[in-house]
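Protein sequences, first through last, are from chains Z and H.
Just remember that our numbering sits 12 ahead of the position in the first sequence, which is counted from 1.
Just remember that our numbering sits 292 ahead of the position in the second sequence, which is counted from 1.
Any given hint could turn out to be false.
[What the hints assert, rightly or not] Straight-line alpha carbon distances no greater than 20 Å define the calculated DMTMM-like cross-link-like pairs of lysine to aspartate or glutamate that follow:
no.	chain 1	residue 1	chain 2	residue 2
1	H	681	Z	82
2	H	571	H	595
3	Z	78	H	689
4	H	681	Z	107
5	H	681	Z	99
6	H	712	Z	57
7	H	585	H	383
[What the hints assert, rightly or not] If you want the footprint, here are the derived chain H segments under chain Z, 3+ residues with CB under 8 Å:
no.	segment
8	534-543
9	631-645
10	691-698
11	704-713
[Said to hold, decoys possible] If the Cβ cut is set under 7 Å, some of the chain Z residues that face chain H in the computed set are:
no.	residue
12	42
13	57
14	64
15	68
Rather than coming from a laboratory, the hints here were simulated on the basis of the structure.
If you're wondering where the values come from, they're calculated on a predicted model, not measured in any experiment.
Each residue gets a CB set at the ideal place from its N, CA and C atoms; glycine is no exception.
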Amino acid sequence: MKCSRTLAAGIAVSMMALTYVPQAAADTTRGELLTSSCFACHSIDGTGNMPNLVGYPRDLLISQMKAFKDGSRVGTIMNRLARGYTEEEIVLMGDYFAKIQ
Amino acid sequence: MTNFSRRNFLKAVGIGGAATVAGFGCAPNGRATASRNGHVVVVGGGSGGATAAKYLKRFSPDMDVTLIEPTATYHTCYGSNWVLGGHAQMDDIAQTYDALQSRHGVKVVQDSVTAIDPARRTVRTAGGETISYDRLVMSPGIDFRYDAVPGITEADSGRIPHAWKAGEQTVILRRQLEAMPDGGVFVMVAPGNPFRCPPGPYERASMVAHYFKQAKPRSKIIILDNKENFSKQGLFMAGWEQHYGDMIEWVPSSRGGQVEEIDAANLTAISDGGFNEFKADVLNYVPPQTAGKIAMDTGLAGDGFWCPVNQMTFESTIHPGIYVIGDSSVAGAMPKSGHSANNQAKVAAAAIIRELAGLDPVEPSTANTCYSLITPDHAISVAAVYAYKDGTMAGVEGAGGVSPADAPASVRQMEAVYTKGWYDGITADIWG
Numbered sequence: 013m014k015c016s017r018t019l020a021a022g023i024a025v026s027m028m029a030l031t032y033v034p035q036a037a038a039d040t041t042r043g044e045l046l047t048s049s050c051f052a053c054h055s056i057d058g059t060g061n062m063p064n065l066v067g068y069p070r071d072l073l074i075s076q077m078k079a080f081k082d083g084s085r086v087g088t089i090m091n092r093l094a095r096g097y098t099e100e101e102i103v104l105m106g107d108y109f110a111k112i113q
Numbered sequence: 293m294t295n296f297s298r299r300n301f302l303k304a305v306g307i308g309g310a311a312t313v314a315g316f317g318c319a320p321n322g323r324a325t326a327s328r329n330g331h332v333v334v335v336g337g338g339s340g341g342a343t344a345a346k347y348l349k350r351f352s353p354d355m356d357v358t359l360i361e362p363t364a365t366y367h368t369c370y371g372s373n374w375v376l377g378g379h380a381q382m383d384d385i386a387q388t389y390d391a392l393q394s395r396h397g398v399k400v401v402q403d404s405v406t407a408i409d410p411a412r413r414t415v416r417t418a419g420g421e422t423i424s425y426d427r428l429v430m431s432p433g434i435d436f437r438y439d440a441v442p443g444i445t446e447a448d449s450g451r452i453p454h455a456w457k458a459g460e461q462t463v464i465l466r467r468q469l470e471a472m473p474d475g476g477v478f479v480m481v482a483p484g485n486p487f488r489c490p491p492g493p494y495e496r497a498s499m500v501a502h503y504f505k506q507a508k509p510r511s512k513i514i515i516l517d518n519k520e521n522f523s524k525q526g527l528f529m530a531g532w533e534q535h536y537g538d539m540i541e542w543v544p545s546s547r548g549g550q551v552e553e554i555d556a557a558n559l560t561a562i563s564d565g566g567f568n569e570f571k572a573d574v575l576n577y578v579p580p581q582t583a584g585k586i587a588m589d590t591g592l593a594g595d596g597f598w599c600p601v602n603q604m605t606f607e608s609t610i611h612p613g614i615y616v617i618g619d620s621s622v623a624g625a626m627p628k629s630g631h632s633a634n635n636q637a638k639v640a641a642a643a644i645i646r647e648l649a650g651l652d653p654v655e656p657s658t659a660n661t662c663y664s665l666i667t668p669d670h671a672i673s674v675a676a677v678y679a680y681k682d683g684t685m686a687g688v689e690g691a692g693g694v695s696p697a698d699a700p701a702s703v704r705q706m707e708a709v710y711t712k713g714w715y716d717g718i719t720a721d722i723w724g
């Protein structure tokens, strides 16, 4: 059962690899690595007291990161961190957080 | 979570065809081979090494990952100042490798690495094993330069602890502070840059002051510093004045802080050619540092004290196939911190997986967040985001910085709450 599920997922990934242009694949990869840095505080298993962002709504994450970035939402540390990311990077994070379970 | 780590990570990593093959335990066409999966050995189970082992398995579940670490229980350096302050116990900063093995499929070997052969791609352990690797991740932390100042050797560290690697050293220093009479003097000798945990000495002074204020309020703390300024200096000094009056005295190098000799027998630090002598009741000498010994022995630091790497991937520029992360590495503007090591580990893990799949690395992005307690309810922070620019990990302009100088007590308290949350979160990300 596990094998066939894995196989199915794997075939899907293989198809993606065949059909996606390299740039798109690289973007996805970058989103993954970029977002992994967030997990240091926003633990993916919900440990700690930072907001859990696993499965967080994409548009909400993007709007809140932008609000931290422009100062319209005030945090303790997130304003300083959000200013380090471009709009494109914030979208990558929003996509990735929304996708994980 | 298992599904997440297998499917979503793989998909999101987007490592394409070759690595996809590596992702199958039951590929139908025989293209899945052991060499595709690869064997990565990780040396050192601290913040960098444990993260690297875990994320290699998350990014590429069928990769063989072996973590070699001498201790069964690892004590984090971060949080060890809270133990010195008396409001945390050693158990609160203890981490184990159970989850890495049982949840993430990392093979954990409790042993020390005694030699590395970069040409044959093998490591040898004290236990007599020789282990082959396709790629090696080294995260051996720091070692000390006890030859930098005459009068003290590593053999003195039982009486004059550094407590800059947590564990027994932390316990020794805490006991000495407990045994010290009220009115005594605690002298800490802080190293010049670069060193592990730039705000560490000043958080330590804060936490010791917190303990003294309750238990022995006539005591004094002197920091002899081998530099002219330090991390979060304005916030620390304002906090010291607010909470501890003049209990803490910071002496910069130009005013006698540059220790030139230690009289170990008399617990005395000497500077300015003998003009200044600082007699301690408890002496905490934090020596200047180098990359971890095994990195030095392997020649990964070249002629220097730290290991140069391609900062896009953290692969050594001296020995290809070896990735050096954490305190041992030269990582541009990133400080030597557990948070940096954790983020660098993810960059190296992704780079290794992509390289084994024949793909170019992606542009790395890392961050560092560091909270320091001045009291258990008053914390300050420094944060930064780093991007690869002109061959180095550089701080993104306009981002990062320290907590505002004029923040109200409620913000300091909130940051103290987040300090604990940060500890719980990052240790879960590393060892959970």
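Quick rundown of the hints versus the structure:
In summary, the hint linking residue 681 (chain H) to residue 82 (chain Z) is not supported, as the alpha carbons are separated by about 24 Å, beyond the 20 Å threshold. Distance restraint check for residue 571 (chain H) and residue 595 (chain H): the Cα-Cα separation of roughly 36 Å exceeds the 20 Å cut-off, and the hinted pair is therefore not satisfied. A distance of roughly 17 Å separates the Cα atoms of residue 78 (chain Z) and residue 689 (chain H); the hinted pair therefore holds under the 20 Å criterion. Distance hint between residue 681 (chain H) and residue 107 (chain Z) is unfulfilled; the C-alpha atoms sit about 25 Å from each other, more than 20 Å.
Between residue 681 (chain H) and residue 99 (chain Z) the CA atoms are separated by roughly 18 Å; this keeps the pair inside 20 Å, and the hint holds. With a CA separation close to 16 Å, the supplied pair residue 712 (chain H) and residue 57 (chain Z) stays within the 20 Å bound. At roughly 27 Å between alpha-carbon atoms, residue 585 (chain H) and residue 383 (chain H) are farther apart than 20 Å, so this suggested pair is violated. Residues of the segment 534-543 of chain H with a Cβ under 8 Å from some Cβ of chain Z number 0, which does not satisfy the need for three, so the listed coverage is violated.
Residues of the segment 631-645 of chain H lying with their CB closer than 8 Å to a CB of chain Z number 6, which satisfies the three-residue condition for coverage. Only residues whose C-beta sits within less than 8 Å of a C-beta in chain Z count toward coverage, and the segment 691-698 of chain H has 4 of them, enough to reach three; the restraint holds. Evaluation of the coverage hint for the segment 704-713 of chain H: fulfilled, as 6 residues show C-beta separations to chain Z shorter than 8 Å, against a requirement of three. Hint status for residue 42 (chain Z) relative to chain H: holds, with the closest Cβ pair at about 5 Å, below 7 Å.
With a least beta-carbon distance of about 6 Å to chain H, the hint placing residue 57 (chain Z) at the interface is held under the 7 Å criterion. With a cut of 7 Å, the hint placing residue 64 (chain Z) at the interface with chain H is violated, because the nearest CB-to-CB distance is about 10 Å. The beta carbon of residue 68 (chain Z) comes no nearer than 14 Å to any beta carbon in chain H, farther than 7 Å, and the hint placing it at the interface is violated.
Violation of the numbered hints given earlier is confined to hints 1, 2, 4, 7, 8, 14, 15; the remaining hints are satisfied by the structure.
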